[in-house]
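Student: We have chain A already, so just place chain B with the ligand on it with the hints.
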Amino acid sequence: MGKTVAEKIFSKHSNKDVKSGDYTLAKVDIVLVNDITGPLSVMEFQKLGNIKVFDKEKIAIICDHFTPNKDIKSAQNVKMLRNFAKGQNIKHFYEPGHVGIEHVMVPELGLARPGYLIIGADSHTCTYGALNAFSTGVGSTDAGMAMATGDTWFRVPPSFKVEIVGKQKKWISGKDVVLHLIGKIGVEGANYFALEFCGEGLKNLSIDDRFTISNMAIECGGKAGIFNYDSVTEQYLNDLGIKAPDYVEADKDAKYENSITIDLSSLDYTVSLPFSPDNTTNINKLEKTYVDQVVIGSCTNGRISDLRIAAEIISNNRVKDGLRVIVLPGSPKVYLEALREGLIEKFILAGAAVSTPTCGPCLGGHMGILAEDEVCVSTTNRNFIGRMGHPKSKVVLASPAVAAASALTGYITSPEEVI
Amino acid sequence: MILEGAARLFGNNIDTDLIIAARYLAETDQTELGKNLFRDLRPNFLNEMKKGDIIVAGNNFGCGSSREHAPLAIKGAGISAVVANSFARIFFRNAINVGLPIFVTSENLDSIEEGNVISVNALEGTLINKTKNKTYKFDPYPDFLLNLVEVGGLFNFTKNRLEAGAKNA
Ligand code: SF4
Chain A
1 MGKTVAEKIF SKHSNKDVKS GDYTLAKVDI VLVNDITGPL SVMEFQKLGN IKVFDKEKIA
61 IICDHFTPNK DIKSAQNVKM LRNFAKGQNI KHFYEPGHVG IEHVMVPELG LARPGYLIIG
121 ADSHTCTYGA LNAFSTGVGS TDAGMAMATG DTWFRVPPSF KVEIVGKQKK WISGKDVVLH
181 LIGKIGVEGA NYFALEFCGE GLKNLSIDDR FTISNMAIEC GGKAGIFNYD SVTEQYLNDL
241 GIKAPDYVEA DKDAKYENSI TIDLSSLDYT VSLPFSPDNT TNINKLEKTY VDQVVIGSCT
301 NGRISDLRIA AEIISNNRVK DGLRVIVLPG SPKVYLEALR EGLIEKFILA GAAVSTPTCG
361 PCLGGHMGIL AEDEVCVSTT NRNFIGRMGH PKSKVVLASP AVAAASALTG YITSPEEVI
Chain B
1 MILEGAARLF GNNIDTDLII AARYLAETDQ TELGKNLFRD LRPNFLNEMK KGDIIVAGNN
61 FGCGSSREHA PLAIKGAGIS AVVANSFARI FFRNAINVGL PIFVTSENLD SIEEGNVISV
121 NALEGTLINK TKNKTYKFDP YPDFLLNLVE VGGLFNFTKN RLEAGAKNA
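Keeping their order, the protein sequence lines are chains A and B.
Sequential numbering from 1 applies to the first sequence in my numbering.
Sequential numbering from 1 applies to the second sequence in my numbering.
Bound conformation, chain A alone (with noise of 0.2 Å):
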């Protein structure tokens, strides 16, 4: 019987045969925290012993949730993990200066490639799927303890095909199509399993386009959402000076539990409302709806391509009155890219504020927490009760162009509407 994508990185990581199934420890190739799930890692590591980490150059430490720490407790709690990078020489530890998003640094680092096994204590470390790994996120005691053995146990999942086909229209991009596919499997149609995203329709879709479509994975219970490695993948990784990596690829006659497909040239602009990220729909059908605030970043849409997307609706426009728009670049190098680029200037003359990177608001930590029964509408990838801040506040997920759109007029708008 021929293997999966999930199967075979399984399997070699195990040094043994593996199926879907089958419990196996198996080593990792990065270890990921961040300043929410690392002390708890931390602490756990520590209570160990005197030990040192299993490899100082595969554990990633990055602060990220409440950066620039916005109160006292995120503080403490970062100057833990600074402490403890150090003490034990951690060569991927930063903080603001060189912070940004997890998600969004670890492929940037050159963290994450082809075939590559990774856990993360986040759950959106799903996200280097988009790059031919199996990476998947774990909890505190997980991570802390993979940081010394540099193994942790996994139920090797069954995995659920992805055909992705046809050519999408101008502005529909990686978040529609994973929107659309949570919408129609809903937020359990892929628990526990490992999404693997192939196609001839794969070619048109660019690399930023699957780091959002792996990304949201999680958010119909995928423990990964892999995508066949090709001259896409290829060329993002020869740019960051990674050469001949080694990719994997699924047998033909692999075993799938599940499977779908996707006509690109069917997708319409796709909106999740509350509270649930499965409670899709077309944006067409969506009667008008009010937003007081708009926010354009997170590990799912902060990366260079959204942000040219969303500049290029918002410039030689203002933002509409009364409206908090609100672009959070990814990383530093995003955010060096945009500036470099005249982009971070044409959000600023449009009236939008341009924070540091973080996650912000995201998840409701700081930098534009919502009010009672405000509305917002957000690249991001969670729209559950409270999310964002007070539990009657409300958010719709949309792509970087939808929200750009809607930070014009105010409203839910498509962006066929305004350009």
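No false leads were mixed into what you were given.
Listed below are several chain A residues computed to face chain B (Cβ distance under 8 Å; list not exhaustive):
1) Asp71
2) Asp142
3) Ser276
4) Gly364
5) Gly365
6) Gly386
The hints are simulated quantities; they were obtained by calculation from the structure and are not laboratory data.
Quick reminder that beta carbons are idealized off the backbone N, C-alpha and C, glycines included.
Tutor: Only chain B with the ligand this time, still in chain A's reference frame:
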């Protein structure tokens, strides 16, 4: 292991933001976390519940973020176990890892009412609603997980491995 307590009912898709909201995440102590359990969803929950109570939920309990703070807050508030028709994957893992007993059953639990006294027998794989005298079955843990649970979670599992490794070295 037999756990007994009053049933506290929750529906489907209880996400980790509802279990413990992000604004409390700078905290790491489980007792402190427990003080804000279900703060937005059921503001009065902590007054209603007693130590040892058992959460009974529907599908996809614990979906959303990977915050281990969620099972920790549940433990910290004094809940003794969670029974559900299904759990989100990371929550399941975290609960096993931190030693919060959780059980999956495919049986329909609709007839359990808030406050019914239920008892869970982990070895036999049974859940008894003592108030209504009704018994349900749940899936036993696979061997690998049973081993993890028996040693008390991932920390002890790892400590044992490291000690065994050091001895071999
Ligand atoms: S941007 Fe939002 S979803 Fe992404 S890691 Fe930060 S808080 Fe989590």
